[in-house]
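S.K.: Sequence:
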Amino acid sequence: MNEVRTRFAPSPTGYLHIGGLRTALFTYCIAKKAGGKFILRIEDTDQERYVEGANEVIYRTLRAVGLNWDEGPDVGGDYGPYIQTERRGLYKEYAEKLVELGGAYYCFCDKERLAELKAVQEASGVNPMYDRHCRDLSPEEVKAKLEAGVPYVIRQKVPLEGTTTFHDVLYGDITVENSTLDDQVLLKTDGLPTYNFANVIDDHTMGITHVVRGNEYLASAPKYTLLYKAFGWEEPVYIHVEHIMRDKQHKLSKRDGDASYEDFIAKGYLSEAIVNYIALLGWSPKGEREIFSLPELVEEFDIAGLSKSPAIFDPLKLRAINGEYIRALTPEKFTEYAEPYIREKVKREDIDISKMAALLQPRTEVLSEIPDQVDFFDEMPDYDLSLYENKKMKTNRDTALEVLEKALPVLEALDDWTVKGLHSALFGLIEQMGVKNGYVLWSVRVAISGKQFTPGGALEVADIIGKADTLSRMKRSIEMLKA
RNA sequence: GGCCCGUUGGUCAAGCGGCUAAGACACCGCCCUUUCACGGCGGAGACAUGAGUUCGAUUCUCGUACGGGUCACCA
539 MNEVRTRFAP SPTGYLHIGG LRTALFTYCI AKKAGGKFIL RIEDTDQERY VEGANEVIYR
599 TLRAVGLNWD EGPDVGGDYG PYIQTERRGL YKEYAEKLVE LGGAYYCFCD KERLAELKAV
659 QEASGVNPMY DRHCRDLSPE EVKAKLEAGV PYVIRQKVPL EGTTTFHDVL YGDITVENST
719 LDDQVLLKTD GLPTYNFANV IDDHTMGITH VVRGNEYLAS APKYTLLYKA FGWEEPVYIH
779 VEHIMRDKQH KLSKRDGDAS YEDFIAKGYL SEAIVNYIAL LGWSPKGERE IFSLPELVEE
839 FDIAGLSKSP AIFDPLKLRA INGEYIRALT PEKFTEYAEP YIREKVKRED IDISKMAALL
899 QPRTEVLSEI PDQVDFFDEM PDYDLSLYEN KKMKTNRDTA LEVLEKALPV LEALDDWTVK
959 GLHSALFGLI EQMGVKNGYV LWSVRVAISG KQFTPGGALE VADIIGKADT LSRMKRSIEM
1019 LKA
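According to this note's numbering, the first sequence is numbered sequentially starting from 539.
Note that these hints are calculated values from the structure, not bench results.
All values derive from a computational prediction rather than experimental measurement.
Here a beta-carbon is modelled for each residue, glycine too, at the ideal position from N, C-alpha and C.
All clues stand as given, with none of them false.
Simulated restraints, written as ranges between beta carbons of each label pair: (1) SER1010 / GLY959: 11 to 21 Å; (2) VAL658 / ALA572: 44 to 54 Å; (3) ARG886 / ARG865: 26 to 36 Å; (4) LEU1009 / ASP922: 17 to 27 Å; (5) LYS824 / GLU887: 46 to 56 Å; (6) SER831 / LYS893: 27 to 37 Å.
Capping the alpha-carbon separation at 25 Å, the derived lysine-lysine pairs in BS3-like fashion look like this: (7) LYS1020 / LYS974; (8) LYS944 / LYS932; (9) LYS726 / LYS767.
Using the sequences and the hints, build the whole thing.
M.R.: Encoded structure:
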């Protein structure tokens, strides 16, 4: 029984798209579920698009989410090198071998001729395809040109007639007419392979058993099948996955500003939540549970749960899942994550961050929304007195003034400045006045926060900002109500 | 345009010939509650369309519409 070997093969473009990350995730799951190997390969054959430092972005992101590879550029392995430009000689060798096998041929057409050809074809409404001008050059002609140093490419020799069928786990058999297939370039003038060729050579020589890739490759898949056949190699299992969309007609793209993993981290999303959410885009687990850690995902993963139609990325759902992860955090961990965000707005040193974090945790879905929730702790903002008007609490400016004037001395006399102490003091007043809790507490909370919504109620806010600040804020609010 | 693929509520989706067509997010209402949240309960909301096959189609076949992919010396 052969070991399952899967690979993630990104191009170093400088950032890792969320769709690519999802492909990596599925690829990883397939390997790990079967106890196999997950391999990282860098597809950098396009010299013009090379971006400095791009490989590191890939390593960093994959490691951050826990998709550790068993073989790859920086960790090595028995099938290296794992960077395509470092395998350059291999492709040429195989390309030449394919020529001998009759599956490819040398082509000396220059770009000008090709452009002209394409222009003519387009003008006459024909599908642009290479006209196979060099396909039947005699061995002597080829030899002469090669010796003369004429630049060349090697093209695939697609059968003129018949059909080709390839198999995809999700889509089943897909059959196409060979006549619709172009004699695509396999080896470029610069001696490097095109994706179409490198991919086949690498997957085979690296012993890849399952290929997960974006569905944009579905159309070229038959050509790969032909290549495998020409070499006499066994094809890997194909799984083409649909795209992640921004809306019904647009893919989630770099231009949307929120398509990369690092964008989401910067916005205060948790790594685990991102992974969990993207797993649910285009894949569904068997049961009704939808919160999974990476190891659980591996355990739960089943190719049968993959979807054949595109999925629209829903930021709201990501938020909700992120909220679940935040709530599941230990208080210590949440405090650690939240502190930098709290500190954006809260500078005073006498504040108990962990108390504040405890209030924030159940009402935070994304870390970046914390600053706006805590902007009143350092200093109470100016606020509109209409905040005191609340129908349900039966409060208004007049009742607020009455309540605050009664509460002030009670609090001034309070020594046990804790939530517990505050509770007994204010509830004593409530009982004495014979009113509902909210009648008193609503006004107090507004008076010391100046906000309609706060993390925690009057007791918690008073506890955190301390006695002195609470009293001075109340006095200020009383003055405002009197004016 | 040619070729390939897809189409279940607003979104993600379960479903694989017979179901009152799951569930989650979002939305609405109620409860809990000192606000907002959290939590609990409930509600509204879908098989693109036309034929066929079948005793019976969301499910199978074909057409139509709509959407996506692909047609590079990019991956």
